[in-house]
Amino acid sequence: MAEKRPAKDREPDPPPPDEGGLAELLEPAEAPPSDPAAQRARLAEDRLHEVMEAYRQLKTENETFRERTARNIERRFESRHERLLLKFIDIMDNLDRALEAAQVNFASPPLVEGLILVRTQLLQTLKEEGLERIPVLGLPFDPHVSEAVATEPVGEAEHHNVVIKELQRGWRLKDRIARPSRVVLGEYRDGTGAAPEGAPREAPAKPPGEGEPSLEDIIARTEAEDLATNPAAPSPAESLLDGLLDEDEK
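At position 96 of the sequence shown the residue is numbered 107 (our numbering), and the sequence of numbers has no breaks.
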């Protein structure tokens with residue numbers, strides 16, 4: 012008969028399991044990292060993120076490239092357009108010389124009228140494109156738009172430092188100077204040989220009439236002479252235009 016062990020020698024009963032730990036034991040275990048299906052899904056998701064990020068970056072670069080290309084094309088077009096307009100400056104100079112020579116040599120009125128019409132239309136077209144002349148004759152000297160090449164004595168103080176001759180006409184292309192005017196300034200000195208203290212605020216309506224007449228004076232005088240000889244006659248431009256229309260109708 013086995014001997015009974017005393018109660019004090021028995022091992023204590025284990026404590027009841029914790030409810031939290033029991034819940035963790037009851038939950039299904041996650042798939043081990045070595046599961047091929049889970050690895051493929053994770054790799055596919057990472058690859059999708061990489062592709063989407065590359066697509067967004069490529070889209071941004073493409074939009075930037077298109078904007079830069081459009082700006083370059085527009086800038087190149089404007090540059091070529093400006094270069095073409097600047098070539099007309101020499102053409103206008105030659106046309107003005109031809110008109111002045113025709114008037115000085117007493118050319119036939121139809122020739123002068125035709126040159127005036129061509130000049131007027133060309134000036135208007137160039138102005139619409141942004142190329143226009145800079146008015147300086149009879150105005151105080153402005154170094155930003157004109158280049159003074161000489162001075163001539165004048166008899167009135169109000170003509171001091173005023174443009175009395177325009178040797179080369181200046182042109183403005185939109186908001187910049189395409190070619191400055193080359194001018195001659197009036198220089199007034201009193202009996203003591205001293206110049207006035209400052210240039211006049213307002214220039215006279217017309218500077219002294221030294222030198223050759225301006226092209227505008229030639230055109231105005233030609234039209235005035237035609238009107239005096241035949242008051243009922245149309246203007247030179249209208250006469251030439253009517254003649255061209257009559258030829259087209261024939």
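Incorrect hints may have been included.
With a cut-off of at most 27 Å between alpha-carbon atoms, the simulated DSS-like pairs for lysine-lysine come out as follows [stated by the list, open to error]: (1) 138 / 98; (2) 138 / 176; (3) 138 / 185; (4) 98 / 185; (5) 176 / 98.
Don't read these hints as lab results, they were simulated from the structure.
Evaluation of the provided hints:
no.	hint	verdict
1	138 / 98	holds (14 Å)
2	138 / 176	holds (23 Å)
3	138 / 185	holds (9 Å)
4	98 / 185	holds (15 Å)
5	176 / 98	holds (24 Å)
Against the hints set out earlier in the document, no violation occurs for any number.
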